[in-house]
Structure formats: structure tokens, C-alpha cells
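Asks: In order, the protein sequence lines correspond to chains A and B. Take the first sequence: its position 2, counting from 1, is numbered 2 in the numbering used here, and each next residue is one higher. Take the second sequence: its position 131, counting from 1, is numbered 131 in the numbering used here, and each next residue is one higher.
Hint data in this document are derived by calculation from the structure and do not stem from the laboratory. Each hint should be verified, as a subset may be incorrect.
Unchecked claim - Some chain A residues judged to face chain B by a derived CB distance under 8 Å, without partners named: (1) 45; (2) 71; (3) 74; (4) 76; (5) 77; (6) 80; (7) 173; (8) 178; (9) 179; (10) 206.
Said to hold, decoys possible - Anything over 10 Å on all C-beta distances counts as not near chain A; from chain B, calculated: (11) 133; (12) 172; (13) 224.
Keep in mind that this is a model prediction, so the values were computed, not measured. C-beta atoms are modelled at their ideal positions from N, C-alpha and C, and glycine is treated no differently.
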Amino acid sequence: MNVLTSNWSTYWHGFLGTLWLTLASAALALVLGVLIAGFRVSPVKPLRAFGTGWVTVLRNTPLTLLFFIVVLGLPRFHITLPFFTFAVLALGCYTSAFVCEALRSGVNTVPTGQGEAARSLGMTFGQTLSLVVLPQAYRAVVAPLGSVMIALAKNTAIAGSFSVVELLGTYRTINELGYNIVWTFVWIAVGYLIITLAISALFNVLERRVAVSR
Amino acid sequence: MTVESSALYDVPGPKALARHRLYGILALVVIAAVVGWVIWMLFHTNQFTYAKWTAFQYKGVQELLLRGLGNTLKAFGWTVLFALPFGALFAAGRLSDHRPVRWVSTLVVEFFRAMPLLVMIFFIFVALKVEPLWALVAGLTLYNGSVLAEVFRAGVLAVPKGQKEAAFALGLRKTQVMTYVLVPQAVRSMLPTIVSQLVVALKDTSLGFLITYEEFLHAGKLIATNLDYDLPFIPVVMVITPIYIGMCLLLSWLAKWLERRGRRSPREGATPVADAGPVLDAQG
């Protein structure tokens, strides 16, 4: 307990860092993921190929390597941004591949007949998408998206080793002050649990709200 | 037109086809422009000069990279070796008839799945003062083993109930039911998922870089930060990234291949001709 109370501000900064990193990366991952998923289901071949390539490469790249490339590589191209932005870029791009796959498999669960019926009723593409396909796909997407977001929150720990202020990185400061190392990690673990459990609770609520008995 | 997008689009007519072609050309132009910019940037920042690539000619550098790759594979091998029994053990624990065993296993599995892997690795490395290799392997084993435990459990539970009932009706003991009836069937359906999880483990060996384990990325960093070779960071990335992605892709393809092979298994309503299944359904 003593470890937590005496280092409250260090922990709090780290916790907020992790939280912001998670939120910012999640936003980027969702935007990119939707875009790439759109590419992957589009009838335009080059876009499809690009989407497939993006997902295949990013899903098979270790996140540490991606961080390594973004944080240390982009400055060689004379692109210098704050470390936080670099971390968001790496995490967001990496996670976007998983978001894309969750979305795509969600869209694929919608039976073909639904789209055909909508079109035969004279709906335009936009109407088909927004009124028929997406609402049904959404149900199949919520649960996998939740696991992707939890994985993202856990992955933010890597950013600490690349000069971003976040929760895991706080152990260095506290360790130097000579506090009990085991308890230091216990409180770090609690911090991560708070974030992951909050995300999982949020997605449980979402899931229950869209659930229908079929 | 692919099958997967047919819920969204009709079969295109001549006008739509022309439009798609136009979009395709526009997309190609944009992609080509981005690729061109990257290549121009590479030349502009002098990444292809002789000095930056000369390092790879030295035997010492090549050996350093190979040693790093070997260490990565070593950590991966140990992880596979430990994580599979760990997963099997705790899956059995979660399926146990004894409540305390079930509770303890559930607690362990859920805890290690919820913790960020890197936090565990750092804890083992910093607090327990374990060598980097074993800290990495222990962390990877705990995490991937726990995920595998869930995979195993789901696989065993997914075997049709009649199998278990029939086995009990024949008078097999519960251990026999598990080992002779449920597990052999479950392994078939789980194999792709297990291999996919191994891809995750292989990717995560790169976390060893953060605890100064001398793996592949570490070797790359050593070369990239060497002033004698004119800081060849981009060349190093261009060498190690394809190797990493290639290794993971190979494993991913193995998983996909296993999945495709498993799909024409007797599980798909062909139970009566179980033995002849693979021959009869060869086109599946």
C-alpha cells in the first residue's frame, strides 16, 4: 500500500499515459481499420490487393519491430514527431489490421440474400450498406472488436520502452527510489487490470444492447 | 467479383465495370505515388550508398545476425516446448470434476491472459532477477500457455456430446474418455488455432529485445547503431523485416493449410464414411 500512496503521482501519470495512448491508438486503429476493411470488400481490384497486403504484412510483423521501425526509422526520413505520436502511429497501424479483419468477417456473416433483397427493393448502395448490411454486421463485430481493443491496451506496455510515459515505465522511477519491487509491479498490474476490465465491461454492455435472439 | 463482397454489390454491368476500372486506375496511381515517394525518400536520404550496405559483407556481422536469429528461434522453441504442456495441464484442470482444481486453474489462466505479456516479462526479469532468455521464455510460456489452455478447453468442449456419452456407455473411465475419445478429435479441429497462437508466440519473442536478450532485433540494433558502418538503420530494417515477416507468414500459411485440410474431415456430416473421408471429399 505504502508503495502506491508514496508514488501516487508517478503511478497516476503513468496510468493516464497508458489511458491516452490506448484511446488515441484505438481511434486511429478504428479509422484505418474501417478504411482498409472498405478496401478489402470493394469491387476495385487494386484497392483489394492493397488491403490484403496491408493486413498480411502488419499481422505478421512483431509489434516491437514496428515500434523499432517507426520510432527509430522515421527520423531518418527527417520526420520528427513526439514519441507519443510515434507510439500512436505504430500501435494504431498494427491494430488496424486486426480491426479490419474483425469488420470484414462481420460483413461476411451477413447473408447474400439480405443485400440482394435490399437492392431488389430499389435501395441505393448507401442505403443497403447503412440500413441493411452494417446493422447486422455490427452484432457479429462487437465481441471480436472488444478482444482487439483489450489486446491494444495490453500492447501499449511496449511503448514504455520507447520513451513514452506509460504505466509499465513507472517501475524504473519507483525502483530507483528503492521501493519494494514486487509491490511496484503489483500496482502496475492493478492499473492494467482496471483498463482492460473497463474495456471488457464496455463491450459487454454494447454486446448486450445489440443482442437479439435468433 | 469475389464471393465475399456479393452481399454488398450486384454483379457489375458495363457502366459499373467501367467505373470500377477508373477507380482501380486512380487507386493504382495513388499507391504508385506513395511507393514512389518512399523510394525517392530512400535515395534522397542516401540509404543505398555503398557505405551503408558494406557492413553486411563482413563475416562477423553475418554471424551476429545469424546468432540473433538462432537465439530468437531458441526462445521460440523453448516456449513451444513449455507452453503446450502448460496449456494441456490447465485445460485439463479447467475441465476437471474437482471444484478446487477447476477454480485454481481458472484463476491462473484468466490472470495470465489479462496481464500484458511485457509486464510479466519485466516482472520476472527485474524483480525475480532471472536471465533474459529464461525471463522471456517464462513470460511467453505463461501467456501463450494460458491462451492455449483456453483453445484446448474450447476444442474439447466442441466435440459432439454424443461422443462422450457413447464412450461412457461403453464403460470407459473418465481419463480414458478424455485421452482416447475427446482429445484425438479435438486436436484435429484445434490444430489451426494452435499454430496461429504459435505465430503470436514467435512474434512476441521480439519482446526479448526490450530486456536485452540478444535476439534478432538486438543484433539488428547493434549493427544499426554502429558508426563504423555509417549508421545503416534503414538497410538493417530492410534485411530483418522480411525475415521476421517471412517466418511468421510460413507459420500462418501452415495454419491455413491445416485449416483447409481439416475442413474436409469427417466432421462435416460425413461421419459414416469417416475413414474414406479425405479421399471422397478431396475437392473440398
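Asks: Are the hints correct? Go through all of them and say.
Replies: Okay, the hints, checked on the actual structure:
1. 45: With Cβ-Cβ at 6 Å, under 8 Å, it holds.
2. 71: violated, 11 Å
3. 74: Cβ of residue 74(A) sits 10 Å from chain B, so the hint is violated.
4. 76: Check passed: Cβ of residue 76(A) comes within 6 Å of chain B, closer than 8 Å.
5. 77: holds, 5 Å
6. 80: violated, 13 Å
7. 173: violated, 13 Å
8. 178: violated, 14 Å
9. 179: For residue 179(A), the interface hint is violated, since the closest Cβ of chain B sits about 12 Å away, which is over 8 Å.
10. 206: Constraint on residue 206(A) not satisfied, violated at 19 Å.
11. 133: holds, 16 Å
12. 172: The claim holds: residue 172(B) sits with its nearest Cβ about 36 Å from chain A, beyond 10 Å.
13. 224: violated, 8 Å
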